[in-house]
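So the protein sequences, as listed, match chains U and C.
Just so you know, full-length UniProt numbering puts 239 at position 239 of the first sequence, and the rest follows in order with no gaps.
Just so you know, full-length UniProt numbering puts 386 at position 386 of the second sequence, and the rest follows in order with no gaps.
Hints may be right or wrong, so weigh each one.
Since copy identity is lost for identical chains, a pair holds within one copy or between any two.
To be verified - Within a straight-line C-alpha distance of at most 27 Å, the following computed BS3-like cross-link-like pairs (lysine-lysine) qualify: (1) Lys340 <-> Lys313; (2) Lys362 <-> Lys19; (3) Lys19 <-> Lys340; (4) Lys110 <-> Lys19; (5) Lys273 <-> Lys340; (6) Lys362 <-> Lys273; (7) Lys362 <-> Lys340.
I should point out that these hints are in silico values taken from the structure, not numbers from a laboratory.
Number of protein chains: 2
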Amino acid sequence: MNYQTYFQENREQHIGELKEWLSIPSISALSEHKADVKKAAVWIAEKLNQAGLENVKIHETEGHPIVYADHLHAPGKPTVLVYGHYDVQPVDPLHLWETPPFEPTIRDGKLFGRGSTDDKGQLFLHIKAVEAILQQEKALPVNIKFCIEGEEEVSSPNLPGFLEQNEELLKADVVLISDTSLLEKGRPAICTGLRGLCSLEVQMNTANTDLHSGSYGGGVPNALHAIVTLLNSLHDEKGRVSVAGFYDDVPALTPEARAEFVKQSVDEGKLQKDLGLEALFGEEGYTFAERTGARPTLELNGVYGGFQGEGSKTVIPKEAHAKITCRLVGNQNPQDILNKIETHIHSHVPVGATVTVTQLEKGNPFTIDPSTPMLQKAAEAYEHVYGVRPVFTRDGGSIPIVETFSRVLAAPVVCMGFGLPDENLHAPNEHFNLENFDKGLLTIVDFLGRV
Amino acid sequence: MNYQTYFQENREQHIGELKEWLSIPSISALSEHKADVKKAAVWIAEKLNQAGLENVKIHETEGHPIVYADHLHAPGKPTVLVYGHYDVQPVDPLHLWETPPFEPTIRDGKLFGRGSTDDKGQLFLHIKAVEAILQQEKALPVNIKFCIEGEEEVSSPNLPGFLEQNEELLKADVVLISDTSLLEKGRPAICTGLRGLCSLEVQMNTANTDLHSGSYGGGVPNALHAIVTLLNSLHDEKGRVSVAGFYDDVPALTPEARAEFVKQSVDEGKLQKDLGLEALFGEEGYTFAERTGARPTLELNGVYGGFQGEGSKTVIPKEAHAKITCRLVGNQNPQDILNKIETHIHSHVPVGATVTVTQLEKGNPFTIDPSTPMLQKAAEAYEHVYGVRPVFTRDGGSIPIVETFSRVLAAPVVCMGFGLPDENLHAPNEHFNLENFDKGLLTIVDFLGRV
């Protein structure tokens, strides 16, 4: 029986199982759901077992557990490590859900429910694909390992340590992750870049107390004036970051990379209209897709000081604050960038002010060359099933674990997503289009055969 | 009997009466004290009557009443209008008062109680001075009018209208106000300048929703970047206001005016230390006293937008806000200045942003030439009683009613204060040094004799 027929015959069974898993409210962020998170881990461990995987183990961590399983009976063949997560986002505002988040329901060929696309539904495909091959062939064409965590939605605090402590156990030739999305319906995409992240906060002080603008105004420094001057120095008038050395480790865009961005065919006019923008804005000489996918940023996320109430108040604030994050690309190192920004800040403090800088998060950027053989094989698998060559995209966001896998295991990471961009991840009415459920199963089977 | 003897003999009586008035909690800001405010008005009306004044009338307003009285039996002599207020500030935090705010108590030659110096105690001097002259001489050397309001601590909403509607009733050759302070103990001062005020708020918008800094960062405008750029354009790097025409109506400081500022003998080193400043800061070429007394300002009182919580948030804010006030001097017109700032703002909106400006308050600056005869007479009176020539000061704050009296009645305003700067106006343990109670009575009698 070919796989298409197999998956059709078992479709009801598979979706029924997935619905059962989606019914478990494994919200990792909420401590009252701790038992549910554990229940979801136990549930998937059992499924791995039933699928024919071996050495299934629930590893406890300081937070939620990590589920491991493997099937290592293809000597001389590559090893594939599948990563996914069984935890989900919180569900509020609950009243906006058309059907309850933990009562999975199919409407218009879409499976609605929290976790349906992020990431239970997508991860489930890998288990059912492996199960199918084992049932049909009694053997796998590769060695396979699963590493499934329950803390992705709370920034994976325990995963990097687990990877580092279990390097041998997790060793693989390729890491396979289905937690991203197609470009749009019918247009598969392989993510080849994720921006890194670093963040800091700045506090500017001028006096030991707020001062009356009548008695003191014009004769003392104002913390808001000082922070505005400092913050304005961070970009030039064209929006380029003015911090010395900021762009040092940003690789120039190759013609090949630019060609891939063109394929993403972003409609800038529509984007501008949808977001209610007067104009798009960014570095000269780059498209929107390039600016967000291949160029770094320094963004003010919050600025505050002084009076925020109704009307006016004649106060000279003694302090002011700014929250800053950078998105990083190429070889930019978050610690190096934080240090460069801090140096810039300390050399741009206006007269009469003192500044305190606190460094916060650090996450490396991830990039992989689309010509990497494993990515080419993934592209072939997509093309075989979807009938169209996938686009190699670069995403402006940050998924630090992708870089962590890539670095710790020294293996290429294939981000083979089957979601769609409008499936309401992290929002009410999250869903998974079952067309991609069906095609995803076939794509994974095809990919494992090609590895 | 000379006046010194007269006031000594009547001291206990006078202070007893004042204590009775201070016991009435006439807090104009709190509606639960509305009856107390009225009671304080009735009380002082009765005292004006007892002192020998005529035409005593309590004029109702939309808020608290205005008390009027006069004594117009000196044909061919100038008319003096005394202004003061019988309302007081709220008293919290109550637990910081050493004795209850409405149980007036004398300690160390100081009368403690809410309103003791601001302004019941100072106003009371004028009534007792007039009473003394009438008792001693059976006539006054001038015509005199009293205009006493109950809303000074809530920005005098009804006084300007009352002045305009009763121009004939209130017509005078000089307005006499005792609601300011000496420079320090033993060093009288006459306030010859108060800065005007205007205020506005600015809202900067870029998108119709907050955006994710991963997906959009680098490709869309950021309202915080836009407002920082705009606000930074308001001053040059030396702190001078960059708005075109801002200084057009600011008169240059004359050598005489500078000499008066020198006499205020501000200790800039001590000031810097007391306020915890890295440095004093302001327009080049001016002292602290000149910067705050004779130069205009444009101050940011509040700036806010985006995330203000703990840690970081990867948001690109869709809007940002700023609160701005200016202190004005000389011939600067608040409406003209607001218009100039608004023009500057509209011509400095960064690409991709839209701005909304809301104009708020407007108050004219007040200045009077120290050589004005009435001010010279006041100086002579002070010198006669205190043994030292008063300093002509200019205050950085704004008391809009002073300018209103000056403008509506077209008369010089003499700010003849008897408070001290450290008498805790608007704060717990407000008090009035009785040395200035005694000298104040004599100074007023002397002044009325010289007018």
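Hints that the structure is at odds with (numbers, increasing): 2, 3, 5, 6
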